[in-house]
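**Student:** Each chain, written out:
2 protein chains.
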Amino acid sequence: MSDRNLKELQLNQRGVVIWLTGLSGAGKTTISNALNKKLTEKKYFTQILDGDQLRGGINSNLGFSETDRIENIRRTAEIAKLFVNSGIITICSFISPTNKIRLQTKEIIGANDYFEIFVNAPLHVCEARDVKGMYKKARAGEIKNFTGIDSLYEPPANADLALNTEVLSVNECVEMILEKILTRISAG
Amino acid sequence: MSDRNLKELQLNQRGVVIWLTGLSGAGKTTISNALNKKLTEKKYFTQILDGDQLRGGINSNLGFSETDRIENIRRTAEIAKLFVNSGIITICSFISPTNKIRLQTKEIIGANDYFEIFVNAPLHVCEARDVKGMYKKARAGEIKNFTGIDSLYEPPANADLALNTEVLSVNECVEMILEKILTRISAG
Chain A
-6 MSDRNLKELQ LNQRGVVIWL TGLSGAGKTT ISNALNKKLT EKKYFTQILD GDQLRGGINS
54 NLGFSETDRI ENIRRTAEIA KLFVNSGIIT ICSFISPTNK IRLQTKEIIG ANDYFEIFVN
114 APLHVCEARD VKGMYKKARA GEIKNFTGID SLYEPPANAD LALNTEVLSV NECVEMILEK
174 ILTRISAG
Chain B
-6 MSDRNLKELQ LNQRGVVIWL TGLSGAGKTT ISNALNKKLT EKKYFTQILD GDQLRGGINS
54 NLGFSETDRI ENIRRTAEIA KLFVNSGIIT ICSFISPTNK IRLQTKEIIG ANDYFEIFVN
114 APLHVCEARD VKGMYKKARA GEIKNFTGID SLYEPPANAD LALNTEVLSV NECVEMILEK
174 ILTRISAG
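Heads up: the protein sequence lines correspond to chains A and B, in order. Taking the numbering used here, the leading residue of the first sequence gets -6, the next gets one more, and so forth. Taking the numbering used here, the leading residue of the second sequence gets -6, the next gets one more, and so forth.
Some clues are possibly wrong.
Said to hold, decoys possible - Here are the computed lysine-lysine pairs in the DSS-like style, where the Cα-Cα straight-line distance is at most 30 angstroms:
| no. | chain 1 | residue 1 | chain 2 | residue 2 |
| --- | --- | --- | --- | --- |
| 1 | B | Lys36 | A | Lys30 |
| 2 | B | Lys74 | A | Lys99 |
| 3 | B | Lys36 | A | Lys31 |
| 4 | B | Lys31 | A | Lys36 |
| 5 | A | Lys35 | B | Lys74 |
| 6 | B | Lys30 | A | Lys35 |
| 7 | B | Lys36 | A | Lys36 |
| 8 | B | Lys30 | A | Lys36 |
| 9 | A | Lys30 | B | Lys35 |
| 10 | A | Lys35 | B | Lys36 |
| 11 | B | Lys74 | A | Lys125 |
| 12 | A | Lys36 | B | Lys74 |
Worth flagging that the hints you see were computed from the coordinates, not collected in a lab.
All chains, please: the whole structure from these sequences, using the hints.
**Tutor:** What follows is the structure in structure tokens.
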């Protein structure tokens, strides 16, 4: 039995990476926290990986240039791969703005273990929310390379699921994700 | 309840990082594999992190200069911290040659979660084993900055445990580690 199979047996589940992509303010973190809570209640063992958390740790020596963003996501994908290879349901929320970046992620993690969710809200909605006050700063030129303002976000064409958070509630989003993944993560 | 406590409750154990330091060929990987097997048999949930594995993934863009070694270990310690914060018993085997590097590791992981084991065998013994043929290449000048040959290894002065693998069997080493950590990792 492979190490991974052994760990999945221990955890009584199958690992997968749930990758949330979308603009700042689209709702990635909110959805990932609510999804995490729900999965934990259902006795699944999970791991959240999130941009701010990793930028405070392993990615603390990276900025927001294109090169650094690619390296940021490369490292993140490698970490997600370690977790999924231990049978853990790994929820990642990262802007991951371009097709190139998401393709790299999928290649590192492996297509079979990568479930991509487009957390979709129009820019004007995200900007109106502006939870962290980042859009205001970006508009004022205090932050450079801010996705949606002076840095590109390419909407994913082939996401496994797209969630329009302008109209869906957090609970509805979580239920739609669960419906897609419960068979995938259940043991046996 | 903290996220970590919740995860430790799910796993019915308490997380710790077991950090094995020592020369190439001292027995770090052998001991970590045997320890991992024993802990898994006892129903603990573990994660192995090892130099070769990470150099094939997240650390693939790093070499063996002093700067790169420090970055290598910094990233490794940050990953170990993610695992231990999920309540997982994380077994790390890395040459981690200097006091400076090990101190950095301990600071990132946190002293309470860091258990340092000096896997100690004299250089001539490691060189005679030369499992990977690396010492031969280092002596021939084909590999530069090889620890023990043309790069320093500082024996740790304050390891939680030192194992003389010239005289101890693998099983004896594993039993000595278990004796030290079983109370620490057991729930409640």
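**Student:** The structure should be examined with respect to each hint, and the outcome stated for every one.
**Tutor:** Right, here's what the structure says about each hint:
Under the criterion of a C-alpha separation no larger than 30 angstroms, the hint pairing Lys36 (chain B) with Lys30 (chain A) is consistent with the structure, at around 25 angstroms. With a C-alpha separation of about 24 angstroms, the suggested pair Lys74 (chain B) and Lys99 (chain A) falls inside the 30 angstroms cut-off, and the hint holds. Distance hint between Lys36 (chain B) and Lys31 (chain A) is fulfilled; the C-alpha atoms sit about 25 angstroms from each other, no more than 30 angstroms. Straight-line distance between C-alpha atoms of Lys31 (chain B) and Lys36 (chain A) comes to about 25 angstroms, which keeps the hinted pair within the 30 angstroms bound.
Distance check on the hinted pair: Lys35 (chain A) and Lys74 (chain B) sit about 25 angstroms apart at the alpha-carbon level, within 30 angstroms; holds. Pair hint Lys30 (chain B) plus Lys35 (chain A) holds up; C-alpha atoms about 28 angstroms apart against a cutoff of 30 angstroms. At most 30 angstroms may separate the alpha-carbon atoms for a hinted pair to count; Lys36 (chain B) and Lys36 (chain A) meet this at roughly 17 angstroms. A hinted pair counts as satisfied when its Cα atoms are at most 30 angstroms apart, and Lys30 (chain B) with Lys36 (chain A) qualifies at roughly 25 angstroms.
With a CA separation close to 28 angstroms, the supplied pair Lys30 (chain A) and Lys35 (chain B) stays within the 30 angstroms bound. For the hint pairing Lys35 (chain A) with Lys36 (chain B), the CA-to-CA distance comes to about 21 angstroms; that is within 30 angstroms, so the pair holds. Taking the CA atoms of Lys74 (chain B) and Lys125 (chain A), the gap is about 26 angstroms. The hint holds against a cut of 30 angstroms. At roughly 23 angstroms between alpha-carbon atoms, Lys36 (chain A) and Lys74 (chain B) fall within 30 angstroms of each other, so this suggested pair holds.
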